[in-house]
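Line order of the protein sequences matches chains A and B.
When you line the first sequence up against my numbering, it's residues 1 to 386, in that order.
When you line the second sequence up against my numbering, it's residues 1001 to 1369, in that order.
Think of the hints as simulated: they come from the structure by calculation, not from any bench.
Incorrect hints may have been included.
[To be verified] Partial selection, computed: residues in chain A whose CB lies under 8 angstroms from chain B: (1) D125; (2) P329; (3) G330.
Every residue, glycine too, gets a C-beta built ideally from N, C-alpha and C.
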Amino acid sequence: MPAAIRRYLALLRKEAQQLRRNRVLLIQLMLPPTIVLVLFGYALNPRVRDLRLGVVDESFTTESRDFVDSLSENVNFNVIRRYGSVEAAEDALKSLKLDLFIVIPSDFAITLGRGQTADVQVVIDAVDANTAKIAQGYLEMALEEYNNGVAGAPLVGAKHRLNLVRASHPAPPPGVPDVQSAYLYNPGLVTSWYYVTGLMSIIMFINASLVASALAVKEKEIGTIEQLLMTPAQTGEMLMAKTTPVFVVMMVVMFLSLVVGMLVFGLPVRGELWLFGLAGALGALAGIGIGVMVATVSKSQQQAQLLTFFVNPPLTLLSGVTSPIENMPGFFQKLSYLDPLRFMVTIIRGVTLKDAPWTALWPNLLALVVFAIVLFAISAWQFRKQ
Amino acid sequence: MKKVLAQAWKEFSLFRRDKLLILLAVLMPIVLMLLAGITGTLRLRNVSLLVYDYDNTPLSRTYIETYGAALTFRIQPRRPQESPERALASWRGRAALIIPQNFERDFRRGAEPIVQLMIDATDSNAATALGNYAQSLNTSFALKNGISQPQAKGVNLQQRFWYNPGLSDRVYFGTGGLGLMLIIFPALLGALTTAKEFETGTIIQAYASSLRAVQWIFGKALLYVLIGLVEFVLCFALGLLVFEFRFPTDPSVLLVATVFYVMAGVFFGMICGNATGNQSAAIQAVQMGSFLLSLLLSGYIFAVRNIPIQIRWISSFLPATHYIQIVRNSILRDAGWGTSLRPMVMLLVLAFAFFTLNVIQMRKMQFKG
């Protein structure tokens, strides 16, 4: 056996033993994927439902009550209370008891009776712009249904077309082109798949960098690094030995989280499993590379951890896991090309959900390989400088 | 009191020497808040749309223009021989619009031609929104081309969007980001300082000294609470510049809440530090317990109400949930004490609970003297 490999194995055994004894670290590494994935897979559900609707009915007629009834039939609205005055409703909105309220004017029934269009005022709490827009959409849909029922001719016979895709839009007027939306890759529109695949990659990447930086700086802190530097081992061997156990553990974590995703959320794996593994491995290497690099420039564990804390959140935000990249301002879109996590998430989502063709995957893989090599080379070079 | 100040002074002299730590503690929140506020948006824009027009008539082109004119879609050139399935699988577009032959002829006859829209539903929410949006574009196309008349309207909606009339996402994420920054960094600093004492063994000195647990905890926390307040001022200034913050008419609510909140953060960090006694583990604990949980469950991105009931209770134990609510109340809704009283009480309770846990943790080890 060549001396280099023997030295590497000896160092590897030392590192593996140290890692095995570090129970806390091992638990930290194994626990997150199971708990975090399950928790957040369930928690992250941006579907808006049960909007709290207040009603100020100044008309107080059969017509206005019919109108309110038609709104409360809609599953998206919960009519919380009727208020006597607009001021009372405003107060309720201000103290967060309501999400929106409608004001039905006193001439509502009369105007309708004349065959004219009656105006109804809606006030929506728009602090959360997204929810406000969705609420507006729901209201318009409910209104259209109401208008069809009141103003349109009574529906005779089986005029209701089945809308297979989603029952939420009202049927379009006759003669309009019929848009049939096909939802590829996730026809059941399961929200958790998107977040679970994203979180998987984040956990993997962040943990790899945190642990690697902690291990690499520890020797420096306790002072045993001098002993290591005195040994005949080369820096490359030392670095490899240091990172191998982390890498192995991270791969276990990766597949563990995949199994959790499959069992709990029914996450499909439509593409090649080895591509998933490869993306995970390269992502872990890039993460470890960042961790070691951070460790070499910092003096204490505290500094190293703070630096990784500084590096990781921007990478997470730019990766497109939480919000799509094409929505970001142009400069940040370009910046995201410098984020290894972006490519990793793309591949992982491509493999699990999409079965993306190889021609589309390889540029991402190549980018990850480049990141892994460059980051590792820099960290080895920095490590040697010590 | 003197002992508390002495302890705080000791912390300060340690902190002062660590240039990197100072830089990070002050700079990091600003950079992160900026990034989080700018990248975080739930609005769909510039979604790349591939068009497969098998009719190629003036009307089909008008139909395509309806999509092209909307800000949501951006029509993307496509490769000649590529099937829509393959193009979507390769990320060359997020949606594909397929217009069949005889589109115009069928349309003129009044036979509803079927147009297919294939949507990449990996991001299922965006996909749902896109589907709905396409439906409304479709209807407006028909209205514009005089095929169907607008329906007689019985009731008309007059909409008012309060507190955020422009429906700006920045306001929302900016205020949430402020809350997020103020929980991460104070907690992190608190965790590091206590864990370090355990790691280097200097905690024994604290045990053996005449300092009581409460004094030790206050002395340690004081500096980091102050740093948290400095961070608040910086982040708020950033908010005024970039995120359209306004000065609340009654700033006292926000200020009091901030003090409680930062205290809760620091105490939480110290719990993590005490419990793990190891800097790297403490940081992980903070990262899980305050960063990840607050990011996802505090109402920063998604309203707390949408979280399934089984885990919604976690939200009420997060200081960030209450603080973000107060921040949004004060800055956006300009509401006073009445509205923010409940979250304020919760903040106080949480800060006190974290403090008590700290005391219990320390008491166990204290030498009786």
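Tested hints:
| no. | hint | in the structure |
| --- | --- | --- |
| 1 | D125 | 6 angstroms, holds |
| 2 | P329 | 6 angstroms, holds |
| 3 | G330 | 10 angstroms, violated |
Of the hints listed earlier, the one the structure fails to meet is number 3.
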